[in-house]
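When we follow numbering that gives the first Met the number 0, the leftmost residue of the sequence shown carries the number 0, and every step to the right adds one.
Take these hints with a grain of salt, some might be off.
As the list claims (entries may be wrong) - Quick list of the computed label-pair ranges, beta carbon to beta carbon:
1. Ile9 with His45: 18 to 26 Å
2. Gly41 with Val63: 35 to 43 Å
3. Ile6 with Leu70: 18 to 26 Å
4. Lys71 with Asn42: 43 to 51 Å
5. Leu21 with Arg73: 37 to 45 Å
6. Leu60 with Ser24: 21 to 29 Å
7. Asn74 with His23: 41 to 49 Å
8. Lys65 with Ile1: 18 to 26 Å
Everything labelled a hint here was simulated from the structure, so no lab data went into it. Even for Gly, the Cβ is constructed at its ideal location relative to N, Cα and C.
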Amino acid sequence: MIKKIKIELIYFFSILLVLSVLQHSDLLTSPAQRASLMMEHGNFMHPLLWTSAVYIIILALRAVVKFLFYLKNRNKTN
Numbered sequence: 000m001i002k003k004i005k006i007e008l009i010y011f012f013s014i015l016l017v018l019s020v021l022q023h024s025d026l027l028t029s030p031a032q033r034a035s036l037m038m039e040h041g042n043f044m045h046p047l048l049w050t051s052a053v054y055i056i057i058l059a060l061r062a063v064v065k066f067l068f069y070l071k072n073r074n075k076t077n
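Can you make the complete structure from the sequences, with help from the hints?
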């Protein structure tokens, strides 16, 4: 169970990293400046909200694909 949680956390933080770099390309050149802008505006939650939304969408797609494979393999055994 702990292994599964670690894998899901890796997925979540990977999505967070990819989304943050795609949305704010200045993170690669001046991360301190981006952090100071976040502190000025007080918007610490929006990255987690966007990441959570994308993670839930990907999680739902993974569940659909898993279910489709289950149906495909179930029909082969009958």
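Going down the list of hints, with the structure as the test:
1. Ile9 with His45: 18 to 26 Å: Since Ile9 and His45 have Cβ atoms about 22 Å apart, the given range 18 to 26 Å holds.
2. Gly41 with Val63: 35 to 43 Å: holds, 37 Å
3. Ile6 with Leu70: 18 to 26 Å: holds, 24 Å
4. Lys71 with Asn42: 43 to 51 Å: Cβ of Lys71 to Cβ of Asn42: about 44 Å, so the range 43 to 51 Å holds.
5. Leu21 with Arg73: 37 to 45 Å: holds, 39 Å
6. Leu60 with Ser24: 21 to 29 Å: holds, 27 Å
7. Asn74 with His23: 41 to 49 Å: Between Asn74 and His23, where Cβ atoms are some 47 Å apart, the hint holds.
8. Lys65 with Ile1: 18 to 26 Å: Distance hint for Lys65, Ile1 holds at roughly 21 Å.
Every hint from the earlier list agrees with this structure, and none is contradicted.
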